[in-house]
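Novice: This is what each chain is made of:
Protein chains: 2
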Amino acid sequence: MTTRWLTPEEQRAWRAYVAASLLLEDAIDRQLQQDAGMPHLYYSILSVLSESPERRLRMTDLAERLKITRSRLTYAVTRLEKDGLLRREACRYDKRGSIAALTDEGFTVLERAAPGHVDTVRSFLFDRLSEEQVGQLEEITAAIAQGLQEDGTRTAADDVPWRRRSSPACS
Amino acid sequence: MTTRWLTPEEQRAWRAYVAASLLLEDAIDRQLQQDAGMPHLYYSILSVLSESPERRLRMTDLAERLKITRSRLTYAVTRLEKDGLLRREACRYDKRGSIAALTDEGFTVLERAAPGHVDTVRSFLFDRLSEEQVGQLEEITAAIAQGLQEDGTRTAADDVPWRRRSSPACS
DNA sequence: TAGGTTTGTTTAAAACTTGAACCAAGCCCG
DNA sequence: CGGGCTTGGTTCAAGTTTTAAACAAACCTA
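Each protein sequence line maps, in turn, to chains V and F. Residues in the first sequence are numbered from 1 upward in steps of one, following full-length UniProt numbering. Residues in the second sequence are numbered from 1 upward in steps of one, following full-length UniProt numbering.
Honestly, the hints are just simulated from the structure, not real lab data. From a predicted model like this one, the values you see are computed outputs, not experimental measurements. Possibly wrong hints are sitting among the right ones.
Because identical chains cannot be distinguished in the list, a pair is counted as satisfied if it fits within a single copy or across any two copies.
[Stated by the list, open to error] As a list, the in silico DMTMM-like pairs of lysine to aspartate or glutamate whose alpha-carbon atoms are at most 25 Å apart: (1) K95 - E132; (2) K82 - D119; (3) K67 - D26; (4) K67 - D29; (5) K67 - E25; (6) K95 - E25; (7) K67 - E131; (8) K82 - E132; (9) K67 - E132; (10) K95 - D29; (11) K95 - E64; (12) K95 - D35; (13) K95 - D119; (14) K95 - E131; (15) K95 - E81; (16) K82 - E150; (17) K95 - E9; (18) K82 - D35; (19) K67 - E9; (20) K67 - E111; (21) K82 - E131; (22) K95 - D127; (23) K95 - D26; (24) K95 - E150; (25) K82 - E138.
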C-alpha cells in the first residue's frame, strides 16, 4: 500500500503543533525551574499527589496518570524525596507496593509555585485562545490521548475484565 | 493581584493537552528510533534540510526553524554528521558561518523513514480528527507558537528593522 | 505449591541539555 | 583605519535524564 502523505492543511497543522508544543514545554520548564527549582514533570507529580485522596498515590497509579514509565517515576520520586517534598510509605494491603505521599513541605512548595505556573499557562495558552477554542483544544487533545492510550500500554490483562486494575489507591 | 486560577474547562483542556503531547511525542520518538535509529528532533533536522534550497541551511537558520538553541543543534548535527547523514560546509559569503548540507545518504535515510513516520502521525493524530478539527488545531497551535516566539527570542536586533535577519540561505 | 505476573527498584550505559566561555569574523562609527 | 561591540558557531564541563535489562519480593490462580 502506498503512503498517504499529509495534505498541505495537515502539514501546516502538524508543523504548528510541533513548534507550539516544543516552545510551550520549554517556556513552562523554564518558569518552573526558575521559580520552583524543578521541571514540569516534577511539578506535575506534586500536583497530582496534592489532588489525590490523602495526598498519596501508589507508584504505578502515579506513573499511569503521568503517562510515564515506572522507572522514570522512581528516579523522579527519589529526587523529590531527597528534597523532602514527598515521602515513600509502605502499602498495607500489598507489601510490594510503595506509596508516594506529599509532605507538608511539598504542599507548601506547591502552593507557592502554583500561582506563577498558572500565570504562565494562562499567558502563553489560554489568553491567546477564545472560549470556543479552549473547548476545541480539549476535544482534539482528548481524542489524541485516548487513541494513544488504548494502543500503547496494551497488556494481556487488558483483555481480561476481571483482572483489570481497580486500584482503590490502597489508602 | 490575586491569581486567576484555571476554570474547570481550562483545566480539562490543559490536562488533556499535556497528556496528549507527552504521549504523542513518546510514540513518535519510539517509532522513529525503531525504524530510523534517531529521535524526532534528528528526523526533523533532516526533514527541514531536505526541503531547503539545495538541501542546505545555515546553522542559525536551522536552529531558528526548529526552535532550539544553537548549542543543542551543534550537538545533534555533530552526531548526524558522524553518521554521514549530513555534512558541514563553509559559507562563502560569511566566513563565520557553517552550513549543514544533507548528504545523499541522509536523503535516502529520510526517504525510507518518511512513510513510517507519516503513518504514525496520521494514525495517532489526523485519523482521529475531523477535517474541521485539523483547521482548528492549526489555528490554535499557530496562535500559541506566535505568542511564544515574539516573547522568547527577543533581541535588540528585532527592534531594528534594517538589521533583521534576511538570510538568503547563503546558498 | 508451582508457574506466571505485577510492583518497584537497581544498575550501568548512553544520551541529552544547559550555560558559560571562547574564538573568529563581521560590522559600526568616530 | 582601528577600537569596540555584535554575531555565528563551537567547545567544555557538569549535571540531568532516559532507557533497558535484570531482579527480588509479593501476588494470584489453578
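Novice: For each hint, tell me whether it holds in the structure or not.
Specialist: Here is how each hint holds up against the structure:
1. K95 - E132: Neither: 48 Å inside a copy, 50 Å across copies.
2. K82 - D119: neither (28 Å within a copy, 43 Å between copies)
3. K67 - D26: both (19 Å within a copy, 10 Å between copies)
4. K67 - D29: This pair counts as both: shortest intra-copy Cα distance 17 Å, inter-copy 15 Å.
5. K67 - E25: The answer is both: 16 Å in one copy and 11 Å across copies each meet 25 Å.
6. K95 - E25: Answer is neither: 37 Å inside a copy and 34 Å across each miss the 25 Å cutoff.
7. K67 - E131: neither (27 Å within a copy, 28 Å between copies)
8. K82 - E132: The answer is neither: 43 Å in one copy and 48 Å across copies each exceed 25 Å.
9. K67 - E132: So K67 and E132 fail the 25 Å test inside a copy (27 Å) and across (28 Å) alike.
10. K95 - D29: neither (35 Å within a copy, 35 Å between copies)
11. K95 - E64: within (20 Å within a copy, 51 Å between copies)
12. K95 - D35: Classified as neither; 37 Å inside a copy, 40 Å across copies.
13. K95 - D119: Neither: 41 Å inside a chain and 43 Å across chains, both beyond 25 Å.
14. K95 - E131: neither (47 Å within a copy, 50 Å between copies)
15. K95 - E81: within (20 Å within a copy, 51 Å between copies)
16. K82 - E150: The answer is neither: 34 Å in one copy and 38 Å across copies each exceed 25 Å.
17. K95 - E9: For K95 and E9, neither the intra-copy (53 Å) nor the inter-copy (39 Å) Cα distance is at most 25 Å.
18. K82 - D35: within (19 Å within a copy, 38 Å between copies)
19. K67 - E9: Answer is between: at 21 Å across copies they meet the 25 Å cutoff, but 29 Å inside does not.
20. K67 - E111: For K67 and E111, only the intra-copy Cα distance (23 Å) is at most 25 Å; the inter-copy one is 31 Å.
21. K82 - E131: Neither. Shortest intra-copy (41 Å) and inter-copy (48 Å) distances fail the 25 Å Cα cut-off.
22. K95 - D127: neither (47 Å within a copy, 43 Å between copies)
23. K95 - D26: neither (39 Å within a copy, 31 Å between copies)
24. K95 - E150: neither (29 Å within a copy, 53 Å between copies)
25. K82 - E138: neither (36 Å within a copy, 42 Å between copies)
In this structure, the earlier hints numbered 1, 2, 6, 7, 8, 9, 10, 12, 13, 14, 16, 17, 21, 22, 23, 24, 25 are contradicted, and the remaining ones agree with it.
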